[in-house]
Amino acid sequence: MSILTELRIAAVGDVHLGDDVQGKYRARLTGIEDRADVLLLAGDLTRHGTIAEGRLVGQEFRDLPVPVVAVLGNHDYHSDLQYEIMSELRDNGIIVLDDESAVITCRGARLGVVGGKGFGGGFAGKCASEFGEREIKNFVHHTRGIADSWQRALKELDTDYKVVLSHYSPVKETLEGEPLEIYPFLGSYLLAEAVDTVGADLILHGHAHKGAEKGMTPGGIRVRNVALPVLGRAYGIYCLSESDSC
Amino acid sequence: MEAPQYVAARVQRALAEDDRTHELGIRVDVRGDQLFLRGQVTGEEHRRQMERVAQEAAPELHVHNELQVVQVREPGEDEHLD
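Residue numbers (this note's numbering), protein chains in the order written: chain A, 33 to 278; chain E, 199 to 280.
No lab work stands behind these hints: they were computed from the structure. Each hint should be verified, as a subset may be incorrect.
[Said to hold, decoys possible] Partial pick of chain A residues on the chain E-facing surface, computed with a CB cut under 7 Å: (1) HIS241; (2) ALA244; (3) PRO261; (4) TYR270.
[Said to hold, decoys possible] Which chain E residues stay away from chain A? Per the calculated CB distances, all over 10 Å, these: (5) ALA201; (6) GLN232; (7) PHE234; (8) VAL239; (9) GLU249; (10) GLN253; (11) ALA255; (12) GLU258; (13) ARG271.
Think of the CB as a built atom: it goes at the ideal place given N, C-alpha and C, for glycine as much as any other residue.
Only chain A is shown next, with the shape it has when bound in the complex (with noise of 0.2 Å):
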């Protein structure tokens, strides 16, 4: 570890904007620079991920004074456009992670941050596998490529603190109140999984908006779902911290 004694963590998922709503999340935003030291965006910025909706994103969340790193999620996915809804966010000054890595230096500390998408698939014991059908192989595939991708790229990182993003959920915690039926739709345990094989400080995700916000993965990495309406306010803070002093 590296001198910094905290690092102050701003997180939200799921603003879904759309135009009638533009303006009113970037005036949330104001003074987020005494508050926090990075924004982590976990997907869903969009309604139906069109190129428009996109831009409406990259304007909300542009020129703000502390840097901002987002991944997509799966209304982000929607119209198809979500390589081009990457580019907008990025022409935009925005981080954006495609089941890759970024590491941001914060007043002299060094954070990485892994995450994409994610996907579902379900939690241990009660999930799909790859068996049967090519379209049940390629669903779990899908989720199995993606935590092979961030335990990799965890792997690769040398930073003092490591987090997170993702948009569907590595763990059934952070789930409670949503239908169980719709777990598999919801989040896989293979991201978990992949994360705890390596360690990180953190796990941020969003879409489950009837969740909670605390979890915690089996071997014991906090997880905390920043969806939105399960926070009720603009962003959540996360400070990362080896003393009480943040």
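Chain E: place on chain A using the hints.
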């Protein structure tokens, strides 16, 4: 007469798949000739669109729009993870 469960499922599917809404995770209940929408959306105009789409998918029912617009309050206290 169509079973109310199928009517509710049709409305839920319309809300998820219609280009005007694309909203998942909305609770749809049918009781007699009444239809109830519950859940949270991010804007007032979106809330009205949801009602329109639901009404079109179930024109014979009276739609009660009990959806709430998510309130974005000021960020609260920090959480310390150590």
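Each hint tested on the structure:
For the restraint placing HIS241 of chain A at the interface with chain E, the shortest Cβ-Cβ distance is roughly 5 Å, inside the 7 Å limit, so the hint holds. The criterion of a C-beta within 7 Å of any C-beta in chain E is not met by ALA244 of chain A, whose closest approach is roughly 14 Å, and the hint is violated. Taken as an interface hint, PRO261 of chain A checks out: its beta carbon lies about 5 Å from the nearest beta carbon of chain E, inside 7 Å. A cut of 7 Å between beta carbons decides the hint on TYR270 of chain A: the least distance to chain E is about 5 Å, and the hint holds.
With a least CB separation of 19 Å from chain A, ALA201 of chain E remains clear of the 10 Å interface cut-off, as annotated. Chain A leaves GLN232 of chain E outside its interface by the beta-carbon criterion, the shortest separation being 22 Å against a cut-off of 10 Å. Its beta-carbon lying about 16 Å from the closest one in chain A, PHE234 of chain E satisfies the requirement of being farther than 10 Å from that chain. Its closest Cβ contact with chain A, about 8 Å, brings VAL239 of chain E to no more than 10 Å, contrary to its assignment away from the interface.
The claim that GLU249 of chain E is not at the interface with chain A holds, since no C-beta of that chain comes within 10 Å of its own (minimum 14 Å). No Cβ of chain A comes within 10 Å of the Cβ of GLN253 of chain E; the nearest lies about 19 Å off, and the non-interface call holds. The beta carbon of ALA255 of chain E is kept farther than 10 Å from every beta carbon of chain A, the shortest such distance being approximately 18 Å. At roughly 27 Å from the closest C-beta of chain A, the C-beta of GLU258 of chain E stays outside 10 Å, upholding its exclusion from the interface.
Once the 10 Å rule is applied to beta carbons, ARG271 of chain E is inconsistent with being away from chain A; the minimum gap is 4 Å.
When held up to the earlier numbered hints, the structure conflicts with 2, 8 and 13 and fits the remainder.
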